[in-house]
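Visitor: Listed below are the residues making up each chain.
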Amino acid sequence: MNNKTLIFGNGPCAHHIAEDLLSTGADIVIATTDKTCDFSPSEHSGSIEILTDTRLVSCHGTAGYFRILAAQNNNHITRTVAGIIVAEEDKRKPNFSLYGLKASSHVIRLSRMKKLLLDSFQEESFLSGSKKVVFLTGLVKESHPAIAEEVMHSALRLQSDFNLQTYILTANLKVSADGLEALYRETKEAGAVYIKFTDTRPEIHSESDDSVQIEFVDEITLKKFRLTPGITVVDETIVPSDYAADLSRILGVDTDADGFVQTDNVHRFTVFTNRKGIMTAGPSRSIQTCSDQITDAANASLASTELIAGLQIVPEDRAEIDKGQCIRCLTCYRLCPYRAITLNTRVVVEPHACERCGICAAQCPRGAIRIKHLDPALISKQMVTGYTPQKEDAFTPFIVAFCCSRSAVQARELARCMGHELPSGLKVIEVPCSGSISLDHIFAAFKKNADGVIVLTCHEGNCHSERGNVYARQTVDQIADKFPQIGFEKDRIAIQTLASNMGTEFAEMVNRFEANIIELGPSRLKKL
Amino acid sequence: MTATSEITDLDQVDHGRCRSWPFLQDYCVTCALCAGSCPASGIDGFDPRMLVRMVSLGLVEELVEARWPWICTLCGKCENVCPMEIDIADLVRKIRSLKDREKVPGILHKGLVAALETGNNLRLPREDFIFIVEDVAEEVAEEPGFEGFKAPIDKKGANLLTTIHNKLVNTHTEDLKHWWKIFHAAKEDWTVTSENWEGTSWGYFTGDDAAMKVMAGRIVEQMSNLEIKNLLWPE
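Note that the protein sequences, when read in sequence, are chains A and B. Residue numbering for the first sequence follows our numbering, starting at 1 and increasing by one per position. Residue numbering for the second sequence follows our numbering, starting at 1 and increasing by one per position.
Treat the hints with care, as some may be off.
Each computed DSS-like pair below joins lysine-lysine, with the alpha-carbon atoms no more than 27 Å apart [said to hold, decoys possible]:
| # | chain 1 | residue 1 | chain 2 | residue 2 |
| --- | --- | --- | --- | --- |
| 1 | B | K77 | A | K196 |
| 2 | A | K102 | A | K224 |
| 3 | A | K35 | A | K102 |
| 4 | B | K99 | A | K224 |
| 5 | B | K99 | A | K223 |
These are computed hints drawn from the structure, not numbers from a lab. Remember, it's a predicted structure, so these values are computed and weren't measured experimentally.
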């Protein structure tokens with residue numbers, strides 16, 4: 001096992017991460033689809049390999065031992081690394097059509113303006129004279145601080161270095177990021193004029209000679225103005241790059257609704273993904289301002305360093321597949337949210353990647369997967385601990401609550417601390433993740449004379465295993481659907497979501513469930 | 001307020017005209033906290049936010065021409081709430097200072113000219129002023145507990161010099177007694193002056209810094225002449 005970290009990317013964030021890691025003495029590999037990479041680190045003790053014109057083909061293995069296959073020119077190359085960081089740049093879609101404009105010599109996109117300001121040759125002619133520059137941003141769709149930052153930086157340079165009068169036409173100016181309020185003031189001091197639109201919008205006309213004319217009402221003075229800019233700059237919409245989408249697919253990393261290489265799951269904070277050993281930072285993780293990217297780079301290098309250090313210790317009590325029982329149906333391989341199952345000659349759970357969520361064990365059709373302390377038989381024994389049979393005249397329901405360790409168990413503790421009354425017949429069974437709750441677990445509860453079973457999981461989107469709570473819901477729904485067919489009341493089983501700080505809601509849920517069960521009366525299975 | 005159909009070409013407007021002014025008006029984010037807290041907002045078209053905006057854009061002539069910037073009482077609530085710390089009240093004064101003095105609304109400038117020429121806004125002669133003061137002092141002396149009361153005028157070496165609002169020697173002479181009874185009960189060693197006694201400095205209101213300087217200077221000069229160390233200027 002080596003200690004190398006592979007960084008996908010060639011932008012400022014990727015370079016920051018590389019610089020950071022090298023300074024700690026780490027060994028890194030940079031892989032980019034760009035033909036050239038001008039990253040030149042300062043003094044460092046670690047080793048660095050730069051792969052240009054390189055595109056990922058496949059990735060096998062697990063944290064500590066990822067086997068990469070990539071295409072470089074017309075060759076295939078392989079590398080073995082301990083950790084991976086996806087730090088690609090974003091893709092920009094120019095918003096010409098949103099404003100009814102087309103690209104021309106007078107109408108350009110924000111990225112082009114940025115480039116012009118960097119390129120010392122072209123700026124002379126294009127940015128000379130006394131023409132006015134107008135920025136159109138956030139007037140149709142909401143903008144973003146990352147875009148506002150670039151608009152304001154450009155305006156500042158145009159005013160200070162080129163003495164061009166700049167107008168920024170916007171609906172809401174997004175300044176909720178580091179340094180943007182100060183930047184706003186700087187642009188104002190330099191002479192930039194902001195026109196903010198709340199109830200109206202400017203009328204933007206494109207003349208036959210490609211020049212632009214803008215008429216609008218300034219909503220503060222209620223005066224009508226006409227503006228004829230020499231240059232019109234339209235803003236852009238930021239999306240993940242196509243290659244980032246490829247990378248997440250090949251690496252088996254969950255993406256969010258927009259395709260960024262990290263879901264909105266609170267457990268992924270800061271730079272983590274569903275796969276141990278694979279992290280993401282910078283514009284591929286989310287829409288980011290400059291200071292966001294610097295923070296991300298620091299977090300990524302920190303995470304990578306901790307990962308490498310942690311690989312020394314092999315975790316215990318992970319899921320284990322009984323090779324005698326396994327029929328290679330590959331259900332576990334498909335379901336594992338952490339991609340912790342690998343296929344060689346045998347189907348094997350990788351201890352470093354396994355998070356003990358229990359989904360594989362719950363769903364294996366052969367029951368061939370065991371996780372210590374999560375045996376249905378063991379849990380079944382737990383259920384009767386502390387259970388006292390009730391008197392004839394008083395019906396106190398025996399309620400089994402399967403509680404996820406990350407939410408419901410903590411909510412119950414909070415409920416206790418807050419002094420909430422809980423049903424006296426309540427038995428809480430703690431599970432690491434609600435995904436580990438199988439049909440066997442639930443049937444065991446009813447066989448042990450539970451009058452009702454309630455399953456409490458994390459909120460949708462916040463499950464550490466991303467889908468554990470979804471599987472739990474499917475399992476409960478399956479049973480609830482079948483119960484009436486066998487003459488059992490479907491309301492004896494329920495499932496709800498909550499968070500670890502919802503002590504009051506925990507009490508409400510279990511008390512309300514108890515009230516329902518009291519109405520239904522004791523379970524008929526008890527008489528058997 | 002409805003928008004006019006007239007269109008102003010921004011090529012004709014110079015946004016940098018007021019950039020050197022020290023009031024931070026360029027920082028305005030048009031949040032309208034000023035307009036929201038202003039007690040005169042909306043009266044006769046007064047709008048502090050619009051005033052700041054027009055200065056930022058460089059549309060100064062229209063502001064100086066208009067009457068509505070004179071509605072402001074300079075109470076300062078706008079400055080209190082402004083998140084960008086813009087000196088809005090000072091900005092109103094600045095706009096006012098740019099208007100031709102003959103066009104200053106109402107009696108404000110006329111009263112100020114009177115004060116500059118005679119030492120008080122009413123052009124009240126010195127003898128008349130002294131007569132009124134002594135007359136009111138006699139009435140005070142008739143009240144129980146105030147026997148022998150006298151109102152000091154031009155008393156050299158007194159501890160406190162106080163100015164007088166012109167209405168107190170015109171239509172509201174009774175209110176003089178409140179001040180004087182307090183001084184008497186506190187055993188204060190006070191005095192007024194027979195000339196340049198005016199406390200209502202309308203130069204502050206009309207944006208006339210030069211006039212303010214003159215009136216303040218006169219008071220200071222009197223303090224120096226009469227060797228008085230403390231000043232009460234309740235305006």
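Visitor: Are the hints correct? Go through all of them and say.
Guide: Against the structure, the hints:
{"no.": "1", "hint": "B:K77 / A:K196", "in the structure": "holds (25 Å)"}
{"no.": "2", "hint": "A:K102 / A:K224", "in the structure": "holds (25 Å)"}
{"no.": "3", "hint": "A:K35 / A:K102", "in the structure": "violated (31 Å)"}
{"no.": "4", "hint": "B:K99 / A:K224", "in the structure": "holds (25 Å)"}
{"no.": "5", "hint": "B:K99 / A:K223", "in the structure": "holds (22 Å)"}
Hint compliance for this structure: hint 3 alone is broken.
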